[in-house]
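Enquirer: Listed below, chain by chain, are the residues.
Number of protein chains: 2
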Amino acid sequence: MELYYCPLLESDTYALSPEESRHCIKVMHHVVGDSLLLTDGKGMIAEASVIGYDKSNCFVHIVNKRADTSKRSFTFHLAIAPTKNHDRMEWLTEKAVEIGIEKISFIICDHSERTKMDLTRIERIAIAAMKQSFTTNIPSLEVISFDNFLQQYGHQKGNKYIACCFAEDGAEELATADITSDNIILMIGPEGDFSSNEVTKSLKYDFLEVKLGPKRLRTETAALYGCSIIAARKLEKINLK
Amino acid sequence: MELYYCPLLESDTYALSPEESRHCIKVMHHVVGDSLLLTDGKGMIAEASVIGYDKSNCFVHIVNKRADTSKRSFTFHLAIAPTKNHDRMEWLTEKAVEIGIEKISFIICDHSERTKMDLTRIERIAIAAMKQSFTTNIPSLEVISFDNFLQQYGHQKGNKYIACCFAEDGAEELATADITSDNIILMIGPEGDFSSNEVTKSLKYDFLEVKLGPKRLRTETAALYGCSIIAARKLEKINLK
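Line order of the protein sequences matches chains A and B. Mapping of the first sequence onto my numbering: residues 1 to 241, in sequence order. Mapping of the second sequence onto my numbering: residues 1 to 241, in sequence order.
FYI, nobody ran anything at the bench for these hints, they're computed from the structure. One should not assume that every hint holds.
What the hints assert, rightly or not - Heads up, simulated PhoX-like pairs for lysine-lysine below, C-alpha to C-alpha not over 25 Å straight-line: (1) K215/A x K201/B; (2) K157/B x K103/B; (3) K215/A x K42/B.
Here the structure is a predicted model, which means the values were calculated and not measured.
Could you build all of it, start to finish, from the sequences and the hints given here?
Expert: Next up, the structure:
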């Protein structure tokens, strides 16, 4: 059964967005009386039935609502310097949502080649990926400078890591680093890596340097590798450490 | 320092391919006497010096050759049903090469939407990814039917897994499954998953069903997740199990 996105699930009756309505009526050929599954992208699932439609909207009545029990019990916050090529950030977003992610901060760094992002496009991709992978969580998205990122999140408790190509020899692998906290932050730098100045600043906020394997990975590949390792290591019944 | 691809590293003097020559002379502005690093894509690295060039070729003399010590001590063989969208197989190849992979078999399954692949394009992408990630190994590539794949590789010793969306409840997660063998094979099905007939056949060849986390992943996302988990768990000094 397919999933429809309905950002608000508070009252009993809704008009789905024109895009969702089109998919429901024109593509899936649903008719009055059919049952649908909706999510608000914030971990809620609702069963609804089609009560009518016109040219641009499909009207649904919420039958019942529940919290998605498959929602993860921790928060993985990825901070990544956007790549010059916007496509790479788009597919990173799609893949990260499929594998699991709660927040993405696109951080503008000293060596960033890109300083602007089209978040509306990225959010559309996140919604599509959420529906396709049948999950109920859209990551919150933002574009923020490196310094503002540290000021805003640096004081949080949790497992906070910064991945540098040239990490200290003592730096641990993400594959074995401590991820027992329910709040995990991973920072991934631009193609030119973080500046030494940025690394020094992050350490002051108790970020730890971490390695992502022995190979030189592109920014978006490093992020995907990180998402996968965290998702696998955090699987409820599994403790890989 | 950048890496150049030279499929043969047997004699002392070579003409780089027109593409590699262009990059070396026109893009990197190398001149006679400059030192280069070459790889044959099979785990060999050579130091060479530019001895001359013409319109289409750069001629190099091999100074010394050695086996790349960073080459992995195991073989990860991914068998994946190609997606309808060719781009998704292209970026999977790029990412898999960056993270690490020794062989990719594009398997044509009962539910495959695509039955043909342009391997020349995929190989070009693999070579570029190898150079970009500064590794020395191009995975061997093939298109093969599901049945022929089982006949050809099913009798191999090793940790052999088939990932199904609807795996048995008893099926283990790849994150904890036994990967102690130096020969690991992971089969990923098409969007419509493997047919029950295909799963049954694979079990006869001692493939084990394995799960790739709790979420429904696209074919290429599942493959990337698999590559990452294997690479992380196999990191020489790390035993995640």
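Enquirer: Check whether the Cα positions of K215/A and K201/B lie no farther apart than 25 Å.
Expert: Violated. K215/A to K201/B sits at ~36 Å, over the 25 Å cutoff.
Enquirer: For the pair we were handed, K215/A and K42/B, check the Cα-Cα distance against 25 Å.
Expert: holds, 16 Å
Enquirer: Quickly compare the C-alpha distance for K157/B and K103/B to 25 Å and report which way the hint goes.
Expert: holds, 16 Å
Consistency with the previously given hints fails for number 1 only.
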